[in-house]
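Participant: Let's have the full structure, built from the sequences with the hints guiding it.
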Amino acid sequence: MGLFALLISSLTGYFVLSFFKNASEAIDIMDIFSMTGLGLGISAQIVFYTLLILGRIDPMAIIQGHLLCLCALFILSRYHVSRCRPVFSFTVSQGVSIFLILCLVLGTASLMAVIRPWGDWDGWAYWNYHANFLFKSGSQWQRLFEFNIQAHHPWMLPLMIIWGWSFNPVPQALVPAVIGIIFTIGTVGLLIGALKRHVSFFSSVLGGIFLASIPIYIYHGTSQYADILAAYFILLSSVLAADLLKAPAVNTAVLAGLCLGLTACVKDNSLLASVLLFILVVIRLYKTGASIFIRPLSWGFTVFLVSAVLMKIFEISFLRYNTYDVFLPGLWIWPKWVLIGQFAWASLSDLNWGGLWLLAMAVLILRQWSVKEPQCLLARFIAFFIIFNFFVFAASGLKLEWLLSVSFNRLLYLLAPTVIFLVFCAIGQRE
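Going by my numbering, the first residue of the sequence shown is number 1, and it counts up by one from there.
The reader is advised that the hints may include incorrect statements.
Ranges of calculated distance between the beta carbons of each label pair, as one might list FRET restraints [said to hold, decoys possible]:
(1) Pro215 <-> Lys312: 31 to 39 Å
(2) Pro215 <-> Gln342: 16 to 24 Å
(3) Pro117 <-> Ile333: 39 to 47 Å
(4) Ser137 <-> Leu310: 15 to 23 Å
Taking lysine-lysine and the DSSO-like style, the derived pairs with C-alpha atoms no more than 30 Å apart in a straight line are [to be verified]:
(5) Lys399 <-> Lys312
(6) Lys287 <-> Lys246
(7) Lys21 <-> Lys287
(8) Lys336 <-> Lys399
(9) Lys21 <-> Lys246
(10) Lys312 <-> Lys136
What the hints contain is simulated information worked out from the structure, not anything from laboratory work. Beta carbons: idealized from backbone N, C-alpha and C, even for Gly.
Facilitator: Quick look at the structure:
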């Protein structure tokens, strides 16, 4: 029944994408791997608003809300679907190649999920606990915020888990594990599809293999953390933002805004990333004389950003103890910056990253002439995002060495697929 929930979400994502596609556009690889992620993101929104309206988790109401949403999207996209033939922009051999790669990723991810059925620490003690509490607490769900470690991030992952549990009165540990596997596979497929829009199929596949071969990638993706969701949506938003800057269109602007809004709903880091990327895209559209597309981008962004703001309002209203201690004088303590720099270098050169960050710096320096403007904006986004987080680390009141040990690699994890996208765009760019 959990797979039936996944099917409903995938159909929802398909109708959303078909609504924004023109009649002449074929379905490409990126579309296929965008459907499930978009659909699950929308499912989390439905669960959230059902909770707000009813004051409790009601599985039957959640299912009815999904079916109502699916019918509405079907009606809205019917005209587009009737005009568009399901033509694929890739060959059978290319599809088979991608299928074999993803089967290897699936096998590895499934093995790791079997070995660690509960994920890592934050998987069962934070994200899954959050979902379990909301699912069982009835009208007392606000008491979740009484516990200081449970209420800091937006709720997309717990709400997705609840959607998977809606067809079964007993929560199943299999659901969060499957969600982790889906996004681990989906991010690799999304990367291949995104690269195929810019470089040759060979370079695209090579980029996907590179991501899947990074030792930390599949391991952390199956840890049942929200980081794999954030990495997926940051990559999707970045690619759509690049497409918007390359060929501005109203449909692309709205879709990019929607994905930025979903990115904001995953966790605090991704909320910051979505706002930063939105600002950079708006500035670029204004400078290039395409300011007419700022409004549809903003409307799309606002649709889902509202739920992230509401989640934060609940946190501020009910949270009794805040573990996000801030110590602003730490910004002027030089040893803190030295420690951040030392830790950053140790992480960037860590073999668990497969040499990604050193390769990225080398490629972007040596082949900067082949990186087009949309990709340059994404490079600036990544640089600004990392620098801003350095200031967050320096201003934190927590023990810095501990904070870096648990947070820095996760920060890099959010950016890894997008960085690989930039690297292979530079390597495979044909002049």
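Participant: Now tell me, hint by hint, if it's right for this structure.
Facilitator: Hints, verified against the model:
{"no.": "1", "hint": "Pro215 <-> Lys312: 31 to 39 Å", "in the structure": "holds (35 Å)"}
{"no.": "2", "hint": "Pro215 <-> Gln342: 16 to 24 Å", "in the structure": "holds (22 Å)"}
{"no.": "3", "hint": "Pro117 <-> Ile333: 39 to 47 Å", "in the structure": "holds (43 Å)"}
{"no.": "4", "hint": "Ser137 <-> Leu310: 15 to 23 Å", "in the structure": "holds (18 Å)"}
{"no.": "5", "hint": "Lys399 <-> Lys312", "in the structure": "holds (25 Å)"}
{"no.": "6", "hint": "Lys287 <-> Lys246", "in the structure": "holds (14 Å)"}
{"no.": "7", "hint": "Lys21 <-> Lys287", "in the structure": "holds (27 Å)"}
{"no.": "8", "hint": "Lys336 <-> Lys399", "in the structure": "holds (10 Å)"}
{"no.": "9", "hint": "Lys21 <-> Lys246", "in the structure": "holds (16 Å)"}
{"no.": "10", "hint": "Lys312 <-> Lys136", "in the structure": "holds (22 Å)"}
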